[in-house]
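Fit chain R to the supplied structure of chain S, relying on the hints for placement.
Those protein sequence lines, which keep their order, are chains S and R.
The number in our numbering is simply the position in the first sequence, starting from 1, with 152 added.
The number in our numbering is simply the position in the second sequence, starting from 1, with 152 added.
Since the hints were made in silico from the structure, they are not lab data.
Some hints could be false.
Same chains, same label: a pair holds when it works inside one copy or across any pair of copies.
Listed next, the in silico DMTMM-like pairs over lysine to aspartate or glutamate satisfying Cα-Cα at most 20 angstroms (straight line) [stated by the list, open to error]:
no., residue 1, residue 2
1, Lys236, Glu281
2, Lys361, Glu245
3, Lys155, Asp179
4, Lys330, Glu363
Protein chains: 2
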Amino acid sequence: MNKLSQAFDFRHACKVFDETKKIAPNDLDAILDAGRKSPSSFGMEPWHFVVISDADIKQKLSSACYNQPQIMSCSHLVIVLYRKAVQFTMQSEYLRQTVRRNLPTEGVSFELDAACQYFINYCTNGLPEGVSIDNWAEMQCYIPSANMMTAAAYYGIDSCAIGGFEHNKVMAILEAIKPQFSINNFDVALCLPFGYRKNPQSPQIRWKKEEVVTFL
Amino acid sequence: MNKLSQAFDFRHACKVFDETKKIAPNDLDAILDAGRKSPSSFGMEPWHFVVISDADIKQKLSSACYNQPQIMSCSHLVIVLYRKAVQFTMQSEYLRQTVRRNLPTEGVSFELDAACQYFINYCTNGLPEGVSIDNWAEMQCYIPSANMMTAAAYYGIDSCAIGGFEHNKVMAILEAIKPQFSINNFDVALCLPFGYRKNPQSPQIRWKKEEVVTFL
Numbered sequence: 153m154n155k156l157s158q159a160f161d162f163r164h165a166c167k168v169f170d171e172t173k174k175i176a177p178n179d180l181d182a183i184l185d186a187g188r189k190s191p192s193s194f195g196m197e198p199w200h201f202v203v204i205s206d207a208d209i210k211q212k213l214s215s216a217c218y219n220q221p222q223i224m225s226c227s228h229l230v231i232v233l234y235r236k237a238v239q240f241t242m243q244s245e246y247l248r249q250t251v252r253r254n255l256p257t258e259g260v261s262f263e264l265d266a267a268c269q270y271f272i273n274y275c276t277n278g279l280p281e282g283v284s285i286d287n288w289a290e291m292q293c294y295i296p297s298a299n300m301m302t303a304a305a306y307y308g309i310d311s312c313a314i315g316g317f318e319h320n321k322v323m324a325i326l327e328a329i330k331p332q333f334s335i336n337n338f339d340v341a342l343c344l345p346f347g348y349r350k351n352p353q354s355p356q357i358r359w360k361k362e363e364v365v366t367f368l
Numbered sequence: 153m154n155k156l157s158q159a160f161d162f163r164h165a166c167k168v169f170d171e172t173k174k175i176a177p178n179d180l181d182a183i184l185d186a187g188r189k190s191p192s193s194f195g196m197e198p199w200h201f202v203v204i205s206d207a208d209i210k211q212k213l214s215s216a217c218y219n220q221p222q223i224m225s226c227s228h229l230v231i232v233l234y235r236k237a238v239q240f241t242m243q244s245e246y247l248r249q250t251v252r253r254n255l256p257t258e259g260v261s262f263e264l265d266a267a268c269q270y271f272i273n274y275c276t277n278g279l280p281e282g283v284s285i286d287n288w289a290e291m292q293c294y295i296p297s298a299n300m301m302t303a304a305a306y307y308g309i310d311s312c313a314i315g316g317f318e319h320n321k322v323m324a325i326l327e328a329i330k331p332q333f334s335i336n337n338f339d340v341a342l343c344l345p346f347g348y349r350k351n352p353q354s355p356q357i358r359w360k361k362e363e364v365v366t367f368l
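Isolated chain S (complex conformation) (with noise of 0.2 angstroms):
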């Protein structure tokens, strides 16, 4: 089994990490290029990672992801924050700069304003029935989360994805340290602890592959 199968089945959803042991920082930078890397629709990448390793801003962030153990016990947290519809605007100068750089030549406003426009036009129009931009923003955040659990395995690092906390909560912490991050502007799509198993992991349950593959 080669190093990245065995990354597949070390991956689990850590409940509890050794608080003696930290990552290093050539691995949490290793970590984080996996996110950054990773592919989004249109090439907008629209997501910001905030990397906590404070222990005050940890404990108020406990409180607001239901006092789950991960939280303090991590080496470092990754609040994978999605960027929400107010930034998928002419006005936004994130999309302005975003478009921009897939343009081929720079400096056109005409085309810069072109190319803005149309993609605003596909997520009024073109997003499917039932999917908000917001919706469409947080879904390609589950892109770099993945690999950056992925590539933590690799490295023989531990994480856990968390889906329930008070988005409310865990944004105002977030905006009293950093005012650009209101939540207006952002809202979580993931909380992702990161470190070193504490305990054995759990026994990986799956459906087989004949369950959840069908070949045409």
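Just chain R, lined up with the frame of chain S:
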């Protein structure tokens, strides 16, 4: 640079595949296993992977995917389906079987009913505002999709995440072959063609680390 880091640089949105090159069965298995072993909220694995290599079916799907050249030129097309809201009810055999696996003992119908109801309550009242059960299930599918693309890249295999297709048409094609893939039960999260690139990859454009990561 290690092999996983190389994979994140190798992966790009491949627009045209070399039609003469086919993915070996053991590589395809490893890709699908990366999807199958992915984490999901509550361990619900709300996905199904339809793997298409038949040229006639690909031809039909191509027009439902706006004739994007990846569909016909790829070696194998994986359609990642998400399970829709109707599958998250007390009558759903999928829900009952999935929840049963996670119970400590089997066959205790009271516990099983209570555990299913707990999850249904979460879907009904616990999801954040603006997130439907369908949205929740579709989001989960982005995790195995990311892992399958990463695994493919690790084995030197190209991919492309396609979100632009006509949902009703794709599902009608699948349902005509396998009636269980009705649009009442499933919808498409992403179409993932896999194969071998025909042309050199485009430059990888990404925000820099300092632009998408904040350390607290």
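The hints, checked one at a time:
no. : hint              : result
1   : Lys236 <-> Glu281 : both (18 angstroms within a copy, 13 angstroms between copies)
2   : Lys361 <-> Glu245 : between (45 angstroms within a copy, 18 angstroms between copies)
3   : Lys155 <-> Asp179 : both (16 angstroms within a copy, 14 angstroms between copies)
4   : Lys330 <-> Glu363 : between (46 angstroms within a copy, 14 angstroms between copies)
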